[in-house]
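*Asks:* Letter by letter, the chains look like this.
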Amino acid sequence: MSITPVHYIAVPLAAAFLIPILSKFHKETARIIPGLVFSYFLVISFVLMRQVSNTGIISETIAGWRAPWGINLVFGYFSGFFATLMSVIGFLTWLYSYRFKLVDSKPAMSYYILLMMLVTGSIGIVITGDIFNMFVFLEIVAISAFSLTSFYPGRDGAEAAFKYLLIASFSSFLILLAVLLLYTQTGTLNIAELSTKVHLIPQSLKLTILVMFVVGLGIESELFPLNGWAPDAYSQAPAPVGAVFAGVVVKGGIYATMRVMFTMFDINEMGQILLILGLITTIIAEVAAIKQTQVKRMLAYSSIGQMGVVMMAIGIGTEDAVFAALFMMFNHAIIKGLLFFSTGFLLHNSLTKTIAEMKGVAKKFPVLSFMFALGSFAIVGLPPFSGFWSKLYFLMAAADAKLFSMIALVLAVSIVEIVYYFRVVGVMYYHQPDESLPTKQPGLNAYFVMGFLAALIIGVGVYPDLITNFLHAAAYELTHKTEYVQTVLTQFVR
Amino acid sequence: MEGLAIKILGAVITTIVAFAVGMTYGGITRKLTARVQNRVGPTIFQNFIDLLKLQSKKTNIYHGVMGHFAPMWIITAAITVLMFIPVLHPGTAWYNSWFPNLSFHGDLIFLLYMMVFGSLGMALGAGQTGNPNSAIGVTRGLSQMVGFEIPFVLALVALMVQYQTTSIQDIMTVQRESGVWMMFSNPFSFLAALFASLGMFRYSPFDIVGAPAELASGPVSEFGGKYLGTMMSGGSIFAFIKLTLYVDLFLGGAYSIPELLIKTFALYMIPVFYGWVNPRYRTEQAIRYFWGWPTALGVIGLLIAIF
Amino acid sequence: MNTLALILLILFSGAIVAFLSEKVSKFLPSLIAFISITAAGILFYTSPADVFNFKLSMAGLNFTLKIDEFSRLFVHMIIGLSWLASMYAVGYMQNKERQGTFFFNMLLSIGGMLGIVAARDLVSFFVFWEIMTWSSFLIVVWTGADFRRTGIWYMVFSAMGAYAMLMAIMMIYSDIHTFNIDEIIAAIAEQRLPHLVEASVLLLFGFSVKAALMPLHVWAPNAYTQAPAAYTAIFSGVLSKMGIFGMALVLLSMLKFANPADFSLVYINGFIGQILAWLGAITAAIATLYALIQTDAKKLLAYSSVAQLGYITIGIAIGTPLSVMASLFLAVLHALFKGTLFLAMGAVERQAGTTDMTKISGLIRRMPWTFFVTLVSIISLAGVPPLAGFVGKWMLYEALITNGNVFMVVVVFFSSTAAFLYSYRILFGIFLGQEEDDTAHVKEAPLSMILPMVVMALLLIALGTYPGLLFDPIAQGMTVLGFENVTWQMTVLSNVWGNTVNLMYISTTIGVAFVAALLFLTLKGRKGSRNVGTKDISTSGEIPLEHENLTYQLDFFKPFERAASPLYRRKMTKIYDDLSNGLDALFDFTRKIYTGNGQTYALYVVIFLVALLIYVQNTL
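Protein chains in written order, with our numbering: chain H, 1 to 494; chain F, 1 to 307; chain G, 1 to 620.
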């Protein structure tokens, strides 16, 4: 049996079904099977990416229905980039949290299944070629994310999950409405076919649909002022889940936005609005981040800020800008992952998770603190770490578009970013430690995960060509949608 | 070789003249001051007598290496500056060749800095003695220097810019050729420099460094014997240097020794007279004094020189 | 392999090895740092000049590194001072904690500096600039004292500067789509770039931060003080010169080639230069005033560094051949004498435990060599003949006077005269005055620390008479900048009006007079000489008790401070404090958008949806 994109969906669904049964016999299977699934994701990603580089975009129908009527999966460079990134982050998160002590009263089983479903749903978003299907996967992601947000028992977790639920229901409603409108107007749900038919929609209605997408997907991709749920969700979910939120869930939202804006519609229609929204998001998020006292909330706002810059790059809409956006997302995934992972242990036994509680942790956890500091340096864009290059490419794209005032504002909030990250690093390294906090040393698996991410950050920072060719291909594919549309449509017409 | 020998001889003669003139002026001042204060006062050769006494002391107090070096720095600075200052207009009379010097090889900026050399050495020596009065005196002296250097530099820059030269020789030549002294052609600059000279000579009201009865003669309070004697000699040469510099720059220079003596003595009496009628300032008053009218005059002089 | 790349590789990998080797032995990182720098130096000086050329294509960008004659001057400074400082650091850092971090960052910043001066494209320039910045930041906060005030301020100002540079780089990029400096210069000569003026101003802003020019200097005194002395020497000596290097690049290399037909650009160039020069002059004056009221020797020197960089900036900004030469000469000298001074203060700190001048005094007999090098450096700093400082000062004054910048001369003269005050302060405060009982145990620093300082002191003495030794590389470098036929002589200085100063005559005269006086004073009455201690003084006929210390240390220049009180009234730091408080309040206000209330968030979504719909329907 050759490996096809559908394995991304089928295998975890089967596993999810098997886990409750198998765990009756052996408790550990609940931990191990998701890991196997994630490992398999890595294999699929690797094999499919090689296939894409040899033969071009892969399109696959499920259950034999022809596109545009059947559900089809499309796997090209662009989708492949996201799928691979999500697989890697998913696997690393699983490995990292393999021994992560969750609250004892609740079985750890559900954590791993939810994690698996979260990643599966996100990968589903990026590989599906069908807009309704995309909606369904967005819902899967959302439901898993609610559950993980309220994973710890208690008022705060429930409140955060409720807020998330409330806002995300707007998102579902708007996206569903937009999909319905599209279907009534064009009679298809296939993205490729939609892209050939959207010009048939009356202008005014088309704009309404676009606005619905912008708002609906903006909620998922944390645009201001739609991102009120995000800081609570990040800070209440278990620390490794923060990495998944930043590295996988948000990426799913951004992917959907890009797919809708670039492939289905023309980016120029909403580019300006996305650009300004992204800018406002960045400014407000970074400013809010500096006033946070909790580390995870700070990281959450920082994530929002980064996504704002990504959204700006999408708004610029040139191939270079998309390349920069993809690079930024890659960096954000690995760097934020490292930050969340290291924070998880640094504040393991703290209840309030405040910055003040990280006083002098560097003495107890030199390696973890080093990882956090490395992450901080990378995320504010200092060379020679990977964060620098994406920032540089973003600025180059913005300079090409002559957006100097935007560059200036982004750079100005970068200074704010430096202040709040370095302040935490300062607290970690240069304050006298509190003796009160009990400590927990990370296991070998966690060290491996963080070491891998750190190596990736430095590796890409020193030699960005590790990833740039790949990203260039992805950006090219997105901004030149003909190949995508042709592949999907012709495959079934013949 | 013969030229070199004559030059060295000339240098020695210059030094001796400078020393003698400086010492005598000091003696005359003491005498005059005493007469003004209705005292008999010492003879005008009292400074020579003092020096003789100091140099013939058998026991000398050694305060450490900087204390040992301090008088040397003063006398070295004095002799060096003297060598680079044109004493007389060159080549106008036969005896002018007795005062050959190296003034072609140094300029005003160099002189300004070189004149500090001695004070710095003095300050270091005074510091090492461990006497708190010495250190206080030094800080006062340095502070006052920042005060009077500003009008002085304003005046000098005005001359340099107006005549497009930094060489004293050239400024003397300008005066010789035009026949007009700088004190008439650049009156504001001259006045600024003149006020600055009050601080330079450290007579009352600017005698805050030595400050008798307050700091027990300040920086020199721990020095005696050969050290104090050498310092005195250096100081006397410096007095001559400053006066000669002013004469060269503002009073048209001198063609002969008597002319030089008349001009320098007239100049010298200005700070002395000023001192007779003024009690001592506090340090900040002294500094503020120089940053007031003298600086304003200097700025006016400079503005005139530019436009 | 390419020699230039190899040098950088040695330094960067040396950094990593030094960092890791701390686990093996505390002593090892310092040794590795010394060996790395030595290796890099040997490689640099044994290779022919034309091999320092390195090109790399990566990530769609072309990186070009090349050491030309102008860079070479700075490379001499970087390698020379770093080598001496790392030799010194072996002894200085002995028995200190976290040496691995220190030497890691030290090597990294040295590599960064070499990269900066070698960079011929703006991206690699920026990359190395940032590496230098964050590694020096980590050293500044290395001691951990006062992270917020020192570290964050340094980083914020550096980031402001760096991002201004980045903005300028992007402007230039958007104009001509290249980062290569040579191509940019060629383009400037041919066409009018729409953003050239803005980009130049932003670049100069960025460089002014590193050169600690008013009003962007507030980070510098604390940062110089907080960094360990072995690094402060490099920090103040060469790292700050990167700002000067950049200014020279912009003003002399880029703007000067701007199309002469374009009158406004030429005008702007002169105008920018004048503004920058005045900023330099004001920096020099104000920083000097603040230097002389300090009681901590290191902080005093830190302010003094800011002032000296002001002078250097003036020379570059004025841009005449003499002024540029003066500026570069002063830059090298500053590296020498300020390097020596910081190292000497490090030695004092290590041996006597503090550099607070109110706590120590009279160390001259305990640390004679340290005193000697401090004296030589201070004389150079003050610009008193016959040491090298005079040469630089002279050229600067003459350049300004002959160029007609007369009021600037007065300001500069004021600050250099006021510099005598702090020069004396530091010599007196630490080495002179009465000997303390507490410091009776103090011994001279070990040879490995003394040697680098003595080497630099001897260089200062030699350059005082033979400045031509240094004029040679400077003149070669200036040829690259486009100054044709820069004339210089080994021992004679001259200005454009034809006035000269012959240093050989000066040194000889001083030498002869000094030796004569020395012989006279030493030989005469030698037998009657009585050695006394610092407590044996004639204070009103009393002899102070042994435990009393009468040294005058507090409020040293209080009368001067009172006289100049209007100049001390306004503090730049207060303005920045107010600014940061204001921003803080604004941030807090903005943060409150996130109320934490789910209903509010839902309301936001609805309002936003409606607003966007209305907007889109009405405008698009």
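Since the hints were made in silico from the structure, they are not lab data.
Some hints could be false.
[As the list claims (entries may be wrong)] Taking lysine to aspartate or glutamate pairs in the EDC-like style, the calculated list, with each CA pair at most 16 Å apart, reads:
hint : chain 1 : residue 1 : chain 2 : residue 2
1    : H       : Lys-402   : G       : Asp-175
2    : H       : Lys-364   : H       : Asp-434
3    : G       : Lys-55    : G       : Glu-190
4    : H       : Lys-291   : G       : Asp-588
5    : H       : Lys-402   : G       : Glu-436
6    : G       : Lys-23    : G       : Glu-69
7    : G       : Lys-558   : G       : Asp-472
8    : G       : Lys-256   : G       : Glu-183
9    : G       : Lys-359   : G       : Asp-472
10   : G       : Lys-558   : F       : Glu-284
11   : G       : Lys-66    : G       : Asp-50
12   : G       : Lys-299   : G       : Glu-190
13   : G       : Lys-359   : G       : Glu-484
14   : G       : Lys-535   : G       : Asp-555
15   : H       : Lys-291   : G       : Glu-183
16   : G       : Lys-96    : G       : Asp-438
17   : H       : Lys-359   : G       : Asp-146
18   : H       : Lys-363   : G       : Glu-97
19   : G       : Lys-443   : G       : Asp-588
20   : H       : Lys-440   : H       : Glu-319
21   : G       : Lys-256   : G       : Asp-356
*Asks:* For this structure, which hints from the list above don't hold up?
*Replies:* 3, 5, 6, 7, 9, 12, 13, 14, 15, 16, 19, 20 and 21
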